[in-house]
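Build the full structure now, drawing on both the sequences and the hints.
Top to bottom, those sequences are chains S and E.
Per this note's numbering, the very first residue in the first sequence carries number 1204; after that it's consecutive.
Per this note's numbering, the very first residue in the second sequence carries number 547; after that it's consecutive.
Just so you know, the hints here were simulated from the structure itself, not pulled from any lab data.
Certain hints may be false.
To be verified - Computed footprint of chain S on chain E, listed as stretches where at least three residues anywhere in the stretch have a Cβ under 8 Å from a Cβ of chain S: (1) 579–591; (2) 594–608; (3) 646–658.
The beta carbon of each residue, even a glycine, is placed where N, CA and C say it ideally should be.
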Amino acid sequence: MTAGGEPGAAPDLCDLSECFEGAVPAVVATAAADGTPNVTYLSRVRMVDDERIALSNQFFSKTSRNLAENPRASVLLVDPTTYDQFRLTLVYERTERRGPLFEQLRGDVDAVAALSGMQDVFKLRAADVYRVQHIDRIPVLSSPPRFVRGVSRRSPGEMPVQLGELSARLSRCPDLDTLLGTALDGLADLLGYEHSLLLLLDETGKRLYTIASRGYETQGVGSEVVVGEGVIGMVAARGAAIRLGNLRQMGKYSRAVRRTFEEHGHVGPGHEIPVPGLPDADSRVAVPAMVLGQLVGVLVVESEDAVAFDQADEALLTVVAGIVASAVEIDLAQERAATGEQTSRVAAPGAPGVSQDQRLVRFFPVDGSVFVDNDYLIKGVAGRILWSLLQQHAREGRDEFTNKEVRLDPTLELPEFRDNLDSRLILLKRRLEERAAPVRIEKTGRGRFRLFVTEPLRLEASG
Amino acid sequence: MLDGRDELVLDDLMRDGSGHGGAVAVTVADVRTLRAVQLKGHALRLEPATPVDVERAARFCDEFITDVSTNDGTPRALLERLVPGRYVACVVAVDGLFDQTPGPRAGVPLPVDGS
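And the structure:
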């Protein structure tokens, strides 16, 4: 529905839902007791109920002083999909510093702060609640241009059907690797989310690593995000979804605030958070993938369109993320329950199809990073696994391995609890394919996999 | 001028009992950086907008739309919906300037010395 309902009709707050997406900064005007007005920008406005809105209050010193003297205010809201403007006449009612409404607004403000690494200094102080007395739609000269929301071609009735189909496809996947690909393919084919990323929480619980992506120039498999940093890291830290509808505009707002903090010594310079994803993304939804109250990962979808996603998208993605999280946990449980030593096969030396030019594989124990011919391949746990496998292959000619023996390898420094080994092997497999490395791994059964070395390698450990 | 309410506001502005017109606040921002300044003062008089005023306003709107469109990727057709339908000139005596850039310095007075 276009905000404001039918032209000419007096809009009510429910008609203004798009205005509360935070995509275009709102403006608030107050006046002191002597009538001196004050006009300032707002980072977020939220609808509280049919008669009330809440304004985020981070710095509002003058606005707060004015409200103490004169409770009347006016807010200008812009619908980001049509640029219709609405002027709300308000009366200040109360300030909340805790509770669900405060937490909602705090999440909104934290999301803006996370865009420029300011989550430690740019914080919500209070949620100021106002009763709306009147809403004016400001007349404009032209009709709104036809706006196409990123995934709006789905009708609301279709969504449960498509979600059901995706769930059915996921339930038929025989292993986690297949399921991850099916999930992101299904999000695109069935639900119209062309650009998606799935990150899993690592063994330490402090970082997320990209295990699958779709719709990007490079897969970015293995790229990492620190929990608590940036939008994705904040979703992980809070276990709550974040939806941003105008990243370019919001990023600019966030950087403007950051610059002010920097100029006055509140934070150090720099620290833009690099996030894997579309360089020109204007909308992003990140939802936590959780099971039994535990974070497993974060699912992210993006669009180059502004305000491409709404609450329904957030809900739908939360369902899909939950299914994926359950699958990861089931895989982990099965993996750990699997017992029995599997024997390893020794590859015949000089297997056909192997070229004679040696490729240099270098390993840096300090961070587990592996380079092939000086090109970075992978690091961390997955890097250590690869190095261990390659050494065994070179030393003993082995090419078949079991997860169990990998898990027991002390050089990998895997945690005893929740080692995510299967996920790490999937990450490694995808990264090797993405980088066209002279090594591949393929799953050969539950808890077993094979190493394919397609070119002669020279192994070298550094440092 | 956007609608009839603006006319009421302007009427009120000039009926202010202080003898020098009502209080006015205008916030302006560089849309590329969001550096913003709030100007506070009092209205001296209202005048019909001259052709020069209208031409200046049209040029301002065009530059604004170009800047936002370039920086934020917002389609021009959407931004053109913000353009007012008509103008009046309000002559304002500036009493104070305030930093209004989003952030902790919002509201801090700036020097008003004509420099």
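Which constraints among the numbered hints does this structure fail? Numbers only, ascending. 2
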